[in-house]
Amino acid sequence: MALLEIKHVFKFFGGLAANSDIDVSVESGMILGLIGPNGSGKTTLFNCITGYYPPSKGEIIFKGQRLNGLQPDRVCKLGMARTWQKVRPLAKLTVLDNVMVGALARTSSLKVARDAAMEQLRSMRMEEKAQRLAGGLSIGERKKLEVARVLATKPELLLLDEVMGGLNPAESEEIIQLILQIKKRGLTQMVIEHDMKAIMRISDWVVVLNSGEKLAEGEPAQVVRNPAVITAYLGDANVA
Amino acid sequence: MLVFVILAALVALPKLVTNPYALHLMILLFLAVAMGEAWNIVGGYCGQYSVGHAAYFGVGAYATLMLLQYRQVAPWWGVWGAIAAALMISVVIGSICFRLRGPYFVLASIAVAEIIRLVVLNWKQFTNGAEGILLVDIPPLKLGQTLITDWLSKTPFYYLGLALALSTLLVNYLVLHSKLGYYFQAIREDQDAAHSLGINLTFYKNAALAISALFTALSGVFYGLYIGFIDPPGVLGLDTSVQMVLICIIGGIGTILGPVVGALVLVPLSEVLRANLLSKALFVLGLVKETSRLGNFLKENLAHAHVLIYGILVVVVILYMPDGVLGFLRKLLARNVRPLAPSSRPVVGDLDGPA
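Line order of the protein sequences matches chains S and W. Using the working numbering, read the first sequence as starting at 1 and increasing by one per residue. Using the working numbering, read the second sequence as starting at 1 and increasing by one per residue.
Extracted from the complex, chain W is given alone in its bound form (with noise of 0.2 Å):
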């Protein structure tokens, strides 16, 4: 019931909000959560946590805009050349990566990326290098004769964001109530045990990031499109990588709506920093004069200060709420629910999982 009036909602914004900037805040939430829910199939339900995520975001994103600039390919078209793309790179990385396993896995996965990066940055006459591809304007979708969209508003990008949004989270729906997630999951908690289960390790990872890889390729396809710019630290540098991972681990990493809540901490916590409100709100609760000496080094510091902010966030999430904003949620309603219900306690008596 919720659910649906939260959907009608999302579905009527853009007929009853105007503001520019407030359906650009929407976009940019829809991205974040399409982000994170791609990349919980393989981190989050199949324990493989993967820092290398920009290298299908990226690809994604050139594969797209490079076959409009150069090739005149509309991106209803040049998306199928993107997943193409991704999947390819998927399996790739993948046959590389998982013969390793936990932290050596991580360490793989995030220098395959770069090195996707390097090669979009120096093979110049292909992708163009450092100065990044700008986009000239999408082509009208059309059906038939009638005009779907021009793309000149903000309005057709919400809905498509919306609709990725919510693709992403039934895929994880689906994965879940499938075979898929419990083999995922079983991997995850012990991939010895798994595989002495009857469970193919190599074909599962590698369908787990297939999967994931698909939708961050689309991630990266709507990014392109929607902000127009792309280049490689833009959508192929680490930052893109981390930035998935934080909306699962803060959110609540391996949970279908974890990476939803992760977005709706970091988005707005991002803008916020961009537009330097934190330091102004400082200023107006009277915490700090403005004209002071720290007033001033925080007015000008503190908008760069995003990767510390980001940095103080995950330590505290994971110290505090290692099961995510989430989980952590969750733990409290429970708790006020029943207060002294035995079951509601934490399970003690595990000797020899991890700490």
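With the rest of the complex left out, here is chain S (with noise of 0.2 Å):
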């Protein structure tokens, strides 16, 4: 059975469908690619998924278990944790206090959650900022931040939202292959991007939504030569 399941999920605010009929499994372990233009409703489904907005129809199972309705702390806890399109760092806290935020989601000692943040950022080359206040981070380490602090929550399944947004290539490079890193511990992502390259090079599996619609689904080598998706991108001129 698969990890998640996202079954004919809708989202409506008012008359718009933000989300209509999605449905998608993860599979433990793989990388899911989520593309799509600007607001085709990749991020309202990740909301619809951690929590902060219910499905209006549908259903989402996590490891079994419906999560419709349940509050993004209960999602969290369940193993299931997302990072932020526009990053949210915890600006006047420290580095290191940021990720024992995360880590105290598993524990009730501090000094268990310091080690844990503490190997956390080592094991991402970020020890060094441990002391820094996390708003005087560079866009690039903020992002880093964002993920140290959610693998601190000890997730199964990881929600990236463009997490490459705003870096530049070297930085890119670094987020591309701490996902592929993620990936051999043996978690499982979902991972928002706009970068193409980079979703060929890291996805499994590949979903394409278009307003609000799961316009293509496949494996990256198929959904790029998909005549639908190349309208949806570029327009119907450029269909060959």
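Hints should not be assumed to be uniformly reliable.
Unchecked claim - Only pairs whose alpha carbons sit at most 27 Å apart, straight line, appear in this in silico DSSO-like list of lysine-lysine:
1) W:K179 - S:K92
2) S:K92 - W:K331
3) S:K129 - W:K299
4) W:K179 - S:K111
Simulated from the structure, these hints should not be mistaken for laboratory data.
Fit chain to chain and form the complex, with the hints in mind.
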């Protein structure tokens, strides 16, 4: 059985269907790339999955448990963690404290949390930044901090919302390596990304959204050749 | 080391100083510290700017004094009633107000406190309404047969106030160095991020409010017993709520010692204003002639202008010392110790943080 099953999920904002009949299943251990033009409903789907919006219709099933209507903190405790497209560092806390807040989801001991957080930072080569205030980090460092912080909550499924957005090529490459490394540790990931090259490299399966609907899904190489996907991205004239 | 010296001095003070006004000032200072530190837990760490804390202060004072006057319950038993009442209304207020965020939470907290003030004001048979409650006397505190205190001098209140202030400081320290402190600060910095990291917002906000309400109520009990008279505007009015916030904003919000510094600024200031020392000082310094029209105007009005002066003070602090007096002093100190070290400079590159 799939780790996460999104079954016919709809999300309406007034008359607007931000998500319409989305049906996706995420197998354990895979990296699922979620792509689509701006406003196609990718982040809304993340918000539905992680409990920020209850879906208007449909079901979200994680590890066999129905998530609909469950609050984000409960979802996190069940083993699902998300990052934010617009990074949300706890600005007045240090980098270490930020990661500790994540680690405290699994322990009440500050010492255990501190050790786990330090270990997490070390594995991402951020340990020299540990005592810096999170608000003073560069955008690349903030994106890495987002990932470190959610990894500290010990998730099984990681939802990464444009972690490469706004990064230079070297920083993007670092994130790509990080995502592949996380995969090696056996974690499942759902990745929203605009950088098609990156998506092609890391994804095992790609889902394309357009205007709130699922346009196509398949292996990366298939999806990029799909005429409907090319039309959605580039317009009619470019279909060969 | 310095801490122990200060503590020893504070404990020894009533033995050395017999001037009742000096002790009175110290007691007011302790009360202000306790109130500021209590508010700091929900406002400073958790970032929920309640401007309705008079509700807990007033309910604490009313519960203890009503039990004492109408039911002859000694205050050291009545205080438990006060705590229970404050915790109960904190749960009710929390479950109403924490549905709202930011400025809407602030407004709701004011509204609920005003409702409580109006209920106490108008429920005359129960609370004695606008006449308030005048405390006749506090029964002597005995342990077995030994008399501990008969509450006739200021000294027992001095030690009680000191204990209250110290215990609120200790609670701040313990909160800040526990999971609660981390979670409260995460909620302050970014609620949605905190929520996604497994923090149950409703539970932790209510926990912060409950701890804060408990110590605010204790401050109210102390105020009621010490001053000996309470009425709705005095203990339940907006002034009391605002004062608690001001102590923290001026001293340094969200720090353990901030409210202490705030109390050290505000208590002397309010005494100076009350005794009209400010206009006297202007006359003595020769800046304004006492007999001139301006002099007369100042003499008559400056004592009543404390709200205006608080307002000016808050504007100055917010504009020039956004981290409060304590943060300002720390920055000065850091600058003097390492005048050119790069790390002492403010960090630039805050791309999307609040300005």
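Structure-based check of each hint:
1. W:K179 - S:K92: With a Cα-Cα distance of about 17 Å, the restraint between W:K179 and S:K92 holds, given a limit of 27 Å.
2. S:K92 - W:K331: Holds, at roughly 16 Å.
3. S:K129 - W:K299: Violated, at roughly 57 Å.
4. W:K179 - S:K111: Given pair W:K179, S:K111 holds - Cα atoms ~10 Å apart, limit 27 Å.
Going through the hint list in order, the structure does not satisfy hint 3, though it satisfies all others.
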